[in-house]
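If you're matching them up, the sequences are chains A and B in order.
Note that the working numbering numbers the first sequence so that position 98 is 98, with each residue one more than the last.
Note that the working numbering numbers the second sequence so that position 9 is 9, with each residue one more than the last.
Note that these hints are calculated values from the structure, not bench results.
Certain hints may be false.
Chain A is nowhere near these chain B residues, computed Cβ spacing over 12 Å in every case [as the list claims (entries may be wrong)]:
1) Val-15
2) Asn-32
3) Leu-44
4) Gly-54
5) Ser-67
6) Ser-86
7) His-105
Below, in silico cross-link-like pairs of lysine to aspartate or glutamate (DMTMM-like), each with a Cα-Cα straight-line distance of 25 Å or less [said to hold, decoys possible]:
8) B/Lys-80 - B/Glu-22
9) A/Lys-49 - B/Glu-26
10) A/Lys-49 - B/Glu-22
11) A/Lys-58 - A/Glu-71
Have a look at the derived ranges for each label pair, beta carbon to beta carbon [to be verified]:
12) A/Pro-117 - B/Gln-73: 39 to 47 Å
13) A/Ser-9 - B/Gln-70: 36 to 44 Å
14) B/Ser-65 - A/Glu-15: 21 to 29 Å
15) B/Pro-8 - A/Ser-26: 17 to 25 Å
16) A/Ile-114 - B/Leu-11: 22 to 30 Å
17) B/Gln-70 - A/His-10: 36 to 44 Å
Quick caveat: nothing in here was measured; it's all calculated off a predicted structure.
Built from N, CA and C at the ideal position, the CB exists for glycine as well.
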Amino acid sequence: AQSVTQLGSHVSVSEGALVLLRCNYSSSVPPYLFWYVQYPNQGLQLLLKYTTGATLVKGINGFEAEFKKSETSFHLTKPSAHMSDAAEYFCAVSDLEASGGSYIPTFGRGTSLIVHP
Amino acid sequence: SQTIHQWPATLVQPVGSPLSLECTVEGTSNPNLYWYRQAAGRGLQLLFYSVGIGQISSEVPQNLSASRPQDRQFILSSKKLLLSDSGFYLCAWSVPKGPFNQPQHFGDGTRLSIL
Numbered sequence: 001a002q003s004v005t006q007l008g009s010h011v012s013v014s015e016g017a018l019v020l021l022r023c024n025y026s027s028s029v030p031p032y033l034f035w036y037v038q039y040p041n042q043g044l045q046l047l048l049k050y051t052t053g054a055t056l057v058k059g060i061n062g063f064e065a066e067f068k069k070s071e072t073s074f075h076l077t078k079p080s081a082h083m084s085d086a087a088e089y090f091c092a093v094s095d096l097e098a099s100g101g102s103y104i105p106t107f108g109r110g111t112s113l114i115v116h117p
Numbered sequence: 001s002q003t004i005h006q007w008p009a010t011l012v013q014p015v016g017s018p019l020s021l022e023c024t025v026e027g028t029s030n031p032n033l034y035w036y037r038q039a040a041g042r043g044l045q046l047l048f049y050s051v052g053i054g055q056i057s058s059e060v061p062q063n064l065s066a067s068r069p070q071d072r073q074f075i076l077s078s079k080k081l082l083l084s085d086s087g088f089y090l091c092a093w094s095v096p097k098g099p100f101n102q103p104q105h106f107g108d109g110t111r112l113s114i115l
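Go ahead and model the full structure; you've got the sequences and the hints to work with.
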């Protein structure tokens, strides 16, 4: 069965500092990987996704993530944090085999990003 | 373009009362539809998903039920709410029959408080 682990329920950074949110997954076949962002009292919004091809994926709002198969990781980064980046971030994984033919992604428990002025 | 609507945005209900939350999708046909619950600090819990009219799969035994009376309408219901039903409820859709590299699209959620 596929699973997703997000290390750290909270990550705190200063404005202008590097943002690194960690995501590790387990999947028996090459997975599809997603990062979503959730602002307070809103739904989730897709930041970026990895399907095939280039392992460094660029998303919205200056975020990017790198798929590392050997490390089963898909960490999210941003060179310089803005106050507006404060939100909850979710990593998700999907693969055909684990889903049994249905599109049921598995989500991590989320990481709350706190940005200090 | 596709849009998803959820209502109401907030709801306060007494214990034992019924519940009906509605979600509709526009701009696409035969979407996969999902209901999630998000409790504070506990991530997303998939409650129900549907691949077509009248086809509902339940992921977690609970006090809730779901129905899909029309192609782009998904309803979450309860006959008698429990305190544990409090949370943030999210509806989502995805393209039908995969492909699995396509993301889910979420509504803005309903904040449900049980008193």
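Evaluation of the provided hints:
{"no.": "1", "hint": "Val-15", "result": "holds, 23 Å"}
{"no.": "2", "hint": "Asn-32", "result": "violated, 6 Å"}
{"no.": "3", "hint": "Leu-44", "result": "violated, 5 Å"}
{"no.": "4", "hint": "Gly-54", "result": "holds, 16 Å"}
{"no.": "5", "hint": "Ser-67", "result": "holds, 19 Å"}
{"no.": "6", "hint": "Ser-86", "result": "holds, 15 Å"}
{"no.": "7", "hint": "His-105", "result": "violated, 8 Å"}
{"no.": "8", "hint": "B/Lys-80 - B/Glu-22", "result": "holds, 17 Å"}
{"no.": "9", "hint": "A/Lys-49 - B/Glu-26", "result": "holds, 23 Å"}
{"no.": "10", "hint": "A/Lys-49 - B/Glu-22", "result": "violated, 28 Å"}
{"no.": "11", "hint": "A/Lys-58 - A/Glu-71", "result": "holds, 19 Å"}
{"no.": "12", "hint": "A/Pro-117 - B/Gln-73: 39 to 47 Å", "result": "holds, 44 Å"}
{"no.": "13", "hint": "A/Ser-9 - B/Gln-70: 36 to 44 Å", "result": "holds, 39 Å"}
{"no.": "14", "hint": "B/Ser-65 - A/Glu-15: 21 to 29 Å", "result": "violated, 46 Å"}
{"no.": "15", "hint": "B/Pro-8 - A/Ser-26: 17 to 25 Å", "result": "violated, 38 Å"}
{"no.": "16", "hint": "A/Ile-114 - B/Leu-11: 22 to 30 Å", "result": "holds, 29 Å"}
{"no.": "17", "hint": "B/Gln-70 - A/His-10: 36 to 44 Å", "result": "holds, 41 Å"}
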